[in-house]
Amino acid sequence: MTRETEQTPPPTDHLIARLDAADRLPGAKELRSLSYDLLGAGPGKSVVDVGCGAGRAVAELAERDVRAVGVDPNERMIAVARGRWPEADFRIAGAYELPLPDASMDGYRADKVFHELTEPERALAEARRVLTPGGRIVLFGQDWDTFVIDSDDPALTRTIVHARAEMTTSPRAARRYRNLLLDAWFGDVTVEVHTGVFTGPTLLPLLTGLAEGACSTGAVTRERTDGWIAEQRARAEADRLFLAMPMFLATATAPR
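Take any residue in the sequence shown, note its place counting from 1, add 657, and you have its number in our numbering.
Since the hints were made in silico from the structure, they are not lab data.
C-beta: ideal position from N, C-alpha, C; glycine also.
A portion of the hints provided could be inaccurate.
To be verified - Simulated restraints on C-beta separations:
#1 759 x 683: 34 to 42 Å
#2 809 x 903: 51 to 59 Å
#3 740 x 686: 17 to 25 Å
#4 815 x 844: 36 to 44 Å
#5 720 x 874: 41 to 49 Å
#6 740 x 825: 35 to 43 Å
Can you make the complete structure from the sequences, with help from the hints?
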């Protein structure tokens with residue numbers, strides 16, 4: 658093992674760091690709290706958080722006296738979650754096969770998960786299985802085609818956004834939430850959009866990642882990628898960066 662390899666964190670640790678950073682963004686805590694409210698999460702209720710990552714939502718639900726279960730297919734994620742919140746209930750499993758009995762949960766929550774699923778319909782069938790009649794579901798995430806970025810080259814920016822989107826399993830899952838829920842026989846379906854506006858350097862790594870992803874696909878040359886990143890970095894330093902990121906929040910009720 659080389660010295661460089663020894664010092665390079667595993668990919669999952671990079672993801673955990675990005676998720677932690679996202680949890681600290683302005684408005685993120687308020688949106689998580691809104692998702693709990695929409696679930697009706699309170700004392701005596703039970704909620705499964707699918708794709709729980711490092712477990713923050715499970716811990717926050719527990720603070721509301723909710724019996725919360727965190728599920729994630731990534732063993733490293735679950736290990737970190739258990740280390741942070743040893744009293745919480747975390748289980749290794751994916752969205753298609755939840756380790757829960759039929760009609761056992763009052764709420765189902767999936768935050769930034771469905772864009773990673775090849776079969777969202779299958780995940781919703783499983784959600785319907787584990788929810789009690791009349792139980793609540795909340796789906797939450799961004800549409801990867803709808804990053805709004807100010808740039809001197811709008812055409813290049815569109816190319817970068819769309820090319821990076823196509824690297825995602827289901828990049829437009831969020832705009833499909835309503836129809837997916839209706840097709841899965843959920844009722845009382847509503848969708849809200851909450852747009853975060855960022856003008857400082859906080860999300861410069863996200864913009865850099867979008868451009869590097871587009872470059873890796875061959876959609877944008879190395880030279881144009883470097884130029885676009887340099888422009889965004891200069892904007893951040895001059896307090897001229899602008900990124901608007903819509904987050905879609907869908908809620909529904911399981912069949913009675």
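*Any of the earlier hints contradicted here, and which numbers?*
2 and 6
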